[in-house]
Structure formats: structure tokens, C-alpha cells
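K.L.:
As given, the protein sequences belong to chains V and R, one line each in that order.
The numbering used here numbers the first residue of the first sequence as 14 and each following residue consecutively.
The numbering used here numbers the first residue of the second sequence as -6 and each following residue consecutively.
In short, the hints are calculated from the structure, not lab data.
Virtual Cβ for every residue (Gly too), placed ideally from N, Cα, C.
Warning: the hint list may mix true and false statements.
[Claimed, not checked] As a list, the in silico DSSO-like pairs of lysine-lysine whose alpha-carbon atoms are at most 27 Å apart:
#1 106/V <-> 48/R
#2 127/R <-> 30/V
#3 177/V <-> 11/R
#4 30/V <-> 128/R
#5 177/V <-> 128/R
#6 106/V <-> 128/R
#7 21/R <-> 179/R
#8 179/V <-> 48/R
#9 48/R <-> 11/R
#10 179/V <-> 21/R
[What the hints assert, rightly or not] Just so you have them, the derived chain V footprint on chain R, three or more residues with Cβ under 8 Å:
#11 185 to 199
#12 227 to 240
[Claimed, not checked] Some chain V residues well away from chain R (every beta-carbon gap over 12 Å; in silico):
#13 19
#14 20
#15 52
#16 62
#17 109
#18 113
#19 151
#20 190
#21 253
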Amino acid sequence: MVNPASAAYVMWYRQVKRFIRTRSRLVGAILQPIFWMVFLGLGFTSALKGAPVFGGIDYLTFFIPGVVMMAVFFTAFFSGISVIWDREFGFLKEILVAPASRTATIAGRILGDVTISMLQGVIVLTIAFLMVPNLRLLGVPLVLVAVFFTALQFTGLGIALASKLKSFEGFQLVNMLIAMPIFFLSGAFYPVNALPAPASLIAYLNPLVYGVDLSRTALTGIGFLPLTSALTVLIASSLFLLVVAVWGFKKATAE
Amino acid sequence: MSDIVVAEGLTKTFGTLKAVDEVSFTVKRGEIFGFLGPNGAGKTTTINLLTTLMKPTSGRGMVAGFDVQREPQKVRERIGVLFQDLTLDRELTGWENLWIHGLIYGVPRGFLRSRIRELLAFVELEDWAGSQVKKYSGGMQRRLQIAAALLHRPEILFLDEPTLGLDPQTRAHIWDYILFLQRNEKVTVFLTTHYMDEAERLCHRTAIIDHGRIIALGSPEELKRALGSEVVYVQLASKSLQETERMAESLKGCREFSRVHVVRPGEISVSAARAPEAIPKIFEKAEGLTVKIREVTYHMPTLEDVFLHLTGRKLRDEEVSGMEAVRIRHRWR
């Protein structure tokens, strides 16, 4: 019998090692959010000076919690979906003929992806505090909670989708039809409650909205959802996606 | 129990295609058993069935005493698999890959470190343990995969085309590892290959497989002996088909020769019980027909000749027909 904890640990180990090993990912993890903050955040800050829609704070302060969550979202989602690469490059086969339980291996992998997504979140959060020092330091624990569950949500969604896709041809499509709408409708760029009715309804179906709103409430005090309901939806949806991911992976690898 | 693998009517269909068609055989504990056949013959699919990656459409497979369909977990604990393509993580080092492999195969952590050292030494990769696998040559990657497959001391090792795409020196090296394992570690080996020299060199018994069916099974010697004779190739000075056929006809009339084939215009192959004694007869016949002979060669039959005899086709370098291309594509779907 293979110890499930060992199997889970080793999958976690692999995901983290890979992340640390790939220099370009680390550099990208640091540079990309800086680009967002500087090129988009600072640009809009001066263009939108005094606009009433951002609750009285400047655009960069409004935008920065969203950048943190965006970074977490992309890392988690694409780590999850990289199961396709494992299938294409053969590593998955190694796992499938191993006697370890599939639940343990996929759980370990999810934990690994959540770990690197959180690492990414912490890096961006640190940069955020350097750029906008008047963010609320006391809000950090709550942001970390939001980061954790958002990482779980999108690792889950990524793995669930990867289990459905049979090759990486579908990957571009997923990026276009799923990642981009989630990203733009996350409330990171503008408050989604300011959208006209049908669009704002769609926004409420976007799991990323809750993490963004929660961390904005935590860091700036401005959010449009009550804290407890944002937290409840966030936790519930992340657990739901986790179950779907484990189920999808087990189903996809049944034969 | 002496049979470590028992396949009974094992069948796998993909749509209308029978990739593996009612295959039955047994592998004895401790032997090297080979599946020899051209690309798309169903070799890899058979490995996938026996290693629990795929479920058979019908039939039964037992590996190390457990049913592959009913108790896949038990089977997985007892087998080591070397897949045709690299299944290790290219971004990680050799050592890291073995560490991961060992733990998902349930090797106790305290024992794993020394086992990894032992196997890295066996495949002569100690100096490369800290390098990323993507920096390894093809032969080194294959050796690391062999080490990985052996970590948990499997009772049986499945090797899918273990020397595919390797240079002759590296191939010989991998053969030495396989022979060492079977002799010294008492590991049973099931391998697939489309190289007849590999099957002849390594296998105690070989099944020849074509279009998903086993068409012959036995030791390489038995298979060759079934041809009954040595193979003589006669090259005529002229490339005329008419002349070649005339010559072939007259050779068919002699009792010394069995199985006269026109290989191509100007070339005839014949089987003879004792070639050196039969060759003068060929010259005698040629003289009678005033056919000029350019060259006569003979050799002991190879598995290649056996395959040619059984299927009328050559084992290697054959055109992959549409149907076979489908088989190949289906390997991993």
C-alpha cells in the first residue's frame, strides 16, 4: 500500500520545484504585476482624477487589490490546466500506472498549485505595498484568506477543464472563452456593480469577483459586497470546484 | 506459480478497429518474453492492457497473480514500466525524478535514498543526478527511465521498444542492462520490439504479432527451425522478370528446395535444408536454362525471414498503410 500522504507530498513537491526551477516564471511573476500597476494603474489614475465611481480613492489604489488577485488567478488557472501538458509529455502516464491513489496524487498536485499561487500573491502584495504605502496593513490576513481560496477555485477549475480537454488544441479556446472573460469581468479594472443589469448579473457568476471584492475591502475599505457574503460565496465555490476537479480527474483517468 | 502473465483472449477495439485481437499467451516467471512485430501491430496496446492503463474490451489478463481489470492497484504495485516516450519530468533533475517516482510507488522514504544511489550507479548516471532531464541525451533519458522502473523492485518489467531511436552502441548497452537484470536480479521482462536482432539477442521466447494477432510463438530457435532450413538468395545477371520466373519454376521442380520466392526481378530466395550442398544444383539448373548467375548468398534464417514467410511482408521499413496509421494514432487515445 502506498501511503497517501507520501503520494500527495511528492506531487506538491513536484509542482513547487518546477515553479522555483523555472526562472522565467519567477521573473514574470514579479515583472508582470509591476507592468499592470505602472502602465495601466498610473495611467488611469491621472486620466480619471476625481471620477466618482471609485469610492473616493484614486485609481491605482482601487486597482491594486485586483492586480494581486489577477496574478493569483492566472497562476492557479494555468497551473491547473497544465495537466494537459503532463498528458502530452507523458508524465501523467507515470502517475497512472503508479499504485498510489488518484485522489491522493491529485490532491497533492492541487496543494502544490495553491502553494505557488499563494507565493505569487504574496510577491505581488509586497510590491503593492511598496507602490501604495497607504494600503491597510491590518487587511493583510484577510487578503491571504482571499488569496488561498481564489487559488483553490482556479486550480480546481483548471484541472476540471484539463480533464475534459483531450489535447492542447482546445487550450487556446479555453484561454479565449474562459480565462479572458473571467479576467476582464473580475471587478479588478472597474466596479462590476456599475455595469448595466445583464452584464453585472453575469459578473456575479464569475468566481473571481468575490476574491477581488474581499481583498479590496480588506486593503482599502471599499467593496460593494458585504464581507461575510463575499467570503461565504468564495469558500463555497472553491470547495465546489475542488470536488469537481478531483472527480473530473478521476473520471478522465479511469481508463 | 510459474506463469507471471496469463493473457486469455485479450481484445481491445477502438471503434471498428481491433488493435489487439483475441491474444492468448503466458509469460513464465524469470524469462525474457518478447512481442515482435511491425509498427501498429498492437504491441503497445497489449502493454497498456497489461499495465492497467487501458481496460480490455474482452478477454482476461492476469499479472503477478492479479486480474488487471479487477485489481489494478495490486498489479501496479508489482510492475515496472518503461514507456516508449519519456515519462519523466524534463524540468526536474534525475534525482528529483527518481525521488518522486519512488514515493508514488510506495518505496519507504528511509530506504529510498540508498536505493536511488544504487540504481543511479547501475545505469551509470551518478554524475548526472543533479542535472535537469532535458539536458540528457536520448540514451541517458532511457537509462534514467530504466532506473525509475526498477526503484520499487518490481516482479516484472514491461519495456515498450526499449531501444527505439538509439544508436547501436547505446542499444548494446541497454541490452546488457536487461540481461543483467534478468540473470542477477531475477526480474521477469516483457518487451516489445520491431527489431528482430533485439528479439533474437534477448528473448527466451518471442511472440510474433501482426494486425493485433499472435501469428507465431516460440523461442527464436524454434521459430527459425519452423522454416526448416537455410535461406539462399540467388541474384541473376539479368533483371528480366520473365527470366527470373523461368528460373524460379525450374527450381521449384527440385526436391532440394522448398519455398521458392521471386523477391524482385533478378532475385530469388529459396529455402534449402543444407545450403552448401544445394547451391551446385542451382548452378546446374541455371546452366540448363542458359541463365547467368551474378551472385549466390545464403544465411541461417533470421526472425526477419520468419516474419517474411508468415506475412509475406518485411518487418521493418514497410509502408504504413492507412489502417496501420490509424492503429498507431490510437495507441494513446
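K.L.:
Enumerate the violated hints, using their earlier numbering and listing them in ascending order.
P.N.:
5, 10, 11, 12, 13, 14, 17, 18
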